[in-house]
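Got chain A sorted already, so can you dock chain B onto it with the hints?
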Amino acid sequence: MRYDAYMNAATTFRPPGSLPTAPLARYTGPWDVRLAAHLLRRAGFGGTLADRARFAANSMAVNVDALMNVGPANAGLPSPELIDTEYAGGELQRIRAMRMAETPAAPAGGDTALEVMRKMRGQMRRKQDVANVTWWLDRMIASTSPLQEKMTLFLHGNFATASNQKGIYGLDIIEQNQLMRSYALGNFVALTHAVARDRAMLKYLDNARSNRDHPNENFARELMELFTLGIGNYTEQDVRESARAFTGYTFQRRTGAFFMNERQHDDGRKTFLGKTGNFTGDDVIDIIFQQPASAALLARKLLEFFVYSDPEPQLVDDLAAVVRREKFELAPIMSTLLRSNVFYSERAYRALVKSPVEFVVGSYQLFGIEKTGPGVRDVLNRMGQVPFHPPSVKGWDGGASWLSTQTVLARENFASSLMTASSGAGGPLFEGLPPSAHVAAQRLVGTILLGDATPSATAKLAAYLDGGDTSLGGALSGENVDGRMRGAAYLTMAMPAYQLS
Amino acid sequence: MKRRGFIGALAGLSITAHANGVFAAALNKPPSMALPDLVASDRVLVVVNLQGGNDGLNTIVPHGMPAYYRYRPSIGIAPGDVLQIDRTIGFNPALASLKGMFDNGSVAIVQGAGYPAPDHSHFRSTEIWQTAAPEKYEHTGWLGRYLDESNLPETNLFNAVAVAPILPEVLASRRVDVPAIAGLGGYGLASDRNATQRSAFASLVRDDRVPFASPYLATVASIEDRAQRGSEELPKLVAGYKTSAAYPATAIGRSLALAAQMIGSNLGTRVIYVAHGSFDTHVAQRARQDVLLRGLGDALKAFYDDLAAHGNEKKTLTMTFSEFGRRVAENASRGTDHGTAAPMFLIGGGIKGGVYGEHPSLDALDNGDTRFTTDFRSVYATIVEKWFGRPSAGVIAGTYPTLPMLG
Numbered sequence: 001m002r003y004d005a006y007m008n009a010a011t012t013f014r015p016p017g018s019l020p021t022a023p024l025a026r027y028t029g030p031w032d033v034r035l036a037a038h039l040l041r042r043a044g045f046g047g048t049l050a051d052r053a054r055f056a057a058n059s060m061a062v063n064v065d066a067l068m069n070v071g072p073a074n075a076g077l078p079s080p081e082l083i084d085t086e087y088a089g090g091e092l093q094r095i096r097a098m099r100m101a102e103t104p105a106a107p108a109g110g111d112t113a114l115e116v117m118r119k120m121r122g123q124m125r126r127k128q129d130v131a132n133v134t135w136w137l138d139r140m141i142a143s144t145s146p147l148q149e150k151m152t153l154f155l156h157g158n159f160a161t162a163s164n165q166k167g168i169y170g171l172d173i174i175e176q177n178q179l180m181r182s183y184a185l186g187n188f189v190a191l192t193h194a195v196a197r198d199r200a201m202l203k204y205l206d207n208a209r210s211n212r213d214h215p216n217e218n219f220a221r222e223l224m225e226l227f228t229l230g231i232g233n234y235t236e237q238d239v240r241e242s243a244r245a246f247t248g249y250t251f252q253r254r255t256g257a258f259f260m261n262e263r264q265h266d267d268g269r270k271t272f273l274g275k276t277g278n279f280t281g282d283d284v285i286d287i288i289f290q291q292p293a294s295a296a297l298l299a300r301k302l303l304e305f306f307v308y309s310d311p312e313p314q315l316v317d318d319l320a321a322v323v324r325r326e327k328f329e330l331a332p333i334m335s336t337l338l339r340s341n342v343f344y345s346e347r348a349y350r351a352l353v354k355s356p357v358e359f360v361v362g363s364y365q366l367f368g369i370e371k372t373g374p375g376v377r378d379v380l381n382r383m384g385q386v387p388f389h390p391p392s393v394k395g396w397d398g399g400a401s402w403l404s405t406q407t408v409l410a411r412e413n414f415a416s417s418l419m420t421a422s423s424g425a426g427g428p429l430f431e432g433l434p435p436s437a438h439v440a441a442q443r444l445v446g447t448i449l450l451g452d453a454t455p456s457a458t459a460k461l462a463a464y465l466d467g468g469d470t471s472l473g474g475a476l477s478g479e480n481v482d483g484r485m486r487g488a489a490y491l492t493m494a495m496p497a498y499q500l501s
Numbered sequence: 001m002k003r004r005g006f007i008g009a010l011a012g013l014s015i016t017a018h019a020n021g022v023f024a025a026a027l028n029k030p031p032s033m034a035l036p037d038l039v040a041s042d043r044v045l046v047v048v049n050l051q052g053g054n055d056g057l058n059t060i061v062p063h064g065m066p067a068y069y070r071y072r073p074s075i076g077i078a079p080g081d082v083l084q085i086d087r088t089i090g091f092n093p094a095l096a097s098l099k100g101m102f103d104n105g106s107v108a109i110v111q112g113a114g115y116p117a118p119d120h121s122h123f124r125s126t127e128i129w130q131t132a133a134p135e136k137y138e139h140t141g142w143l144g145r146y147l148d149e150s151n152l153p154e155t156n157l158f159n160a161v162a163v164a165p166i167l168p169e170v171l172a173s174r175r176v177d178v179p180a181i182a183g184l185g186g187y188g189l190a191s192d193r194n195a196t197q198r199s200a201f202a203s204l205v206r207d208d209r210v211p212f213a214s215p216y217l218a219t220v221a222s223i224e225d226r227a228q229r230g231s232e233e234l235p236k237l238v239a240g241y242k243t244s245a246a247y248p249a250t251a252i253g254r255s256l257a258l259a260a261q262m263i264g265s266n267l268g269t270r271v272i273y274v275a276h277g278s279f280d281t282h283v284a285q286r287a288r289q290d291v292l293l294r295g296l297g298d299a300l301k302a303f304y305d306d307l308a309a310h311g312n313e314k315k316t317l318t319m320t321f322s323e324f325g326r327r328v329a330e331n332a333s334r335g336t337d338h339g340t341a342a343p344m345f346l347i348g349g350g351i352k353g354g355v356y357g358e359h360p361s362l363d364a365l366d367n368g369d370t371r372f373t374t375d376f377r378s379v380y381a382t383i384v385e386k387w388f389g390r391p392s393a394g395v396i397a398g399t400y401p402t403l404p405m406l407g
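In order, the protein sequences belong to chains A and B.
In terms of this note's numbering, the first sequence opens at residue 1 and continues consecutively.
In terms of this note's numbering, the second sequence opens at residue 1 and continues consecutively.
The shape of chain A in the complex, shown without the other chains (with noise of 0.2 Å):
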């Protein structure tokens, strides 16, 4: 009931005009590289100059091929620096062993030396965790499986677990993050099932610490509301019984390996969505799965995306359906969606709002820069989006919600200082004089923008490239093209049309 009451509430931002015809069957209309750009920008975050070249040149069908074709979660890229090593013998073990065999006398006026030993973990978990965004934003630049990025950035939002709190450092979401990553384009079942022993989700909604006295439902009523059915598809009792279900699911503390601790599981009998049997968690996840409520929340979720806001009802129940026959598999299911005429259409075209890390990792594509530093976590989290750190167990919304005036701020502040830094952009957009401020304000609005701009918008570009509201006044020289090549691309990027994928 309350379910229906919200697919069909008036909600906002959907596109104008009305589903097409067939919309998940194959498109097979022209090919150009506003297409290829929008492909990119959806399967990808954007993709360099020659990315864009290539994805043009080549059919749909070829890039969607080539986008499938992912490498093992781990090939290619390097690890993230480890400085937190909690359970790898490292330096944090190294502390504890310290803190055993401390003597508690403090020097005159200065700290403990537990005093010093809790500052330099609190330090190194921070710079940890700096190291580990920056390391997954210079993977989503470099990797050359765009797809197994994106689509792990969407299992992070799924399954949204935070680090540096609730006892979450270090490896732990290192390791969630390659789970996800090895299951990119795997199944969501067998994911869910992982997901259920994986220490940092374990530690984040303290079903670690859940017991058969005194179930926690934490874990159990997000695993329904967030993960896989949605909320008014089930009830109270259900969440009550599934926690029971899942006492005994922990971790070794020594290792962090999971451990199905027998003592602390309830192997009652427990009814659950209407079946009754002795179940385990396991149980229960292969319960939630039989439900088509499922199906229906992964398909609008995918929908929402990959393709566009709001999706239509029936388009979500069409895509229900292909993830119930394809079982769960995300490669088909994104292969069906990728390749599909509701995704190239018109009302999906610039029709959602790009989420932080796509507008930073895109521009570092789009100007050829291939690593980060550590600024940009501070960086994307102006805009609101650190990978790693979702505000909640929710993710992220998305959407509308992208949108603040703090937020744009941040995003035009970001793009100027890509703009200005001397080791920022680059590549042949800055290069040479062009033979009018009218061809360099096309140039920039072609790259940047894929032509999505008004006449009287590259007009205004032009007048700005040729001195007009500038400082210094002049036309456009030899002298002056750099930097007004740069100032007018960081015009271009603070336009409506860059904040939308």
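Among the hints, erroneous ones may be present.
If you want a taste of the chain B side facing chain A, the calculated C-beta under 10 Å gives, among others [to be verified]:
hint	residue
1	F123
2	A162
3	I181
4	A213
5	T219
6	I223
7	A227
8	S278
9	H338
Dumping the calculated DSSO-like pairs for lysine-lysine here, alpha-carbon to alpha-carbon at most 30 Å [to be verified]:
hint	chain 1	residue 1	chain 2	residue 2
10	B	K136	A	K301
11	A	K394	A	K166
12	A	K166	A	K127
13	A	K394	A	K301
14	B	K136	A	K394
15	B	K386	B	K352
The hints are simulated quantities; they were obtained by calculation from the structure and are not laboratory data.
Only a predicted model underlies this, so the values are computations on that prediction, with no experimental measurement involved.
For glycine and all other residues, C-beta sits at the position ideal for the given N, C-alpha and C.
The following block gives chain B in isolation, referenced to the frame of chain A:
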């Protein structure tokens, strides 16, 4: 940002044609009551969102109810530690600052605030408290609807402000753009190219030759425009304000300091939102909640000292809310799971201090949860009618009795 109203500002342009029927109908309807407020129009409401579900039983402690200690053998607050109000209830000792303000008569406690058929999801219950619509999925917040119903000057960029990086649903409105301002530092453009930029993207949106039809296009342009103009103006507008109040060096301290600065600078701001938390204390509750409550109380004390030093305490009413209280019985982790009703605080604004409503019974629980005794929409209706002096009809669906602490 308002989620739909921007389209109205662009009426007649091509973009309007894309609005669906329901949407367009709502926008074409004039404000139902574009009346000025009936009372002094410089009044401000500050709402403090205690995010994550603040445990009400360890905030206002029912030390006179034996069941409280039975349900909470390890996290119950001993009677001797409670800052007693009477023989039944008292403040958590971490709220000593707030207790002082209560003793001065400037704090009203509303007991057992909740709603029928309570939802235990953070997200759904947060929506319910912010939209004041438990029965349906509403897209505007109750304070967004208040802004829509009020005749606020369209040219004012600061009719309401969320002191937050993103706009909370409570301020989602159809007609009024609400800026999100996390803090003065960093709220502005690093570049001096604003004028060109504003003019270029304005032309992009307003030109019907725009080569794509994104449902977000006009929203983006509107927010960018207001962000740029607002960030140029705000620092100048608040620069003259000086304070010597001792705010704690915490996020809530900084947020309330900025709120006092904006109120004292007379920007015409009617509603300010700040957030505090997370209060989601499933594990080791005492240590975490006490830190958060002490931070809240100390920041509110500094806020009202600051307001009073500038003569603004009478025109500033503060209301706290949280998506739910917590389960009566503690869990195995010395924490508490998601629950239902909990107390709210109303502070300042010449309020009649005291305790309103009944503490929920701990002997007649509903599946381990308390039953609410005051519908939170009564508190909202009281604020709309008695503080802002407007009928609550267009803001709160249904009729709820007002409480006697105001007016």
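Numbers of the earlier hints that this structure fails to satisfy, in rising order: Failing hints: none at all.
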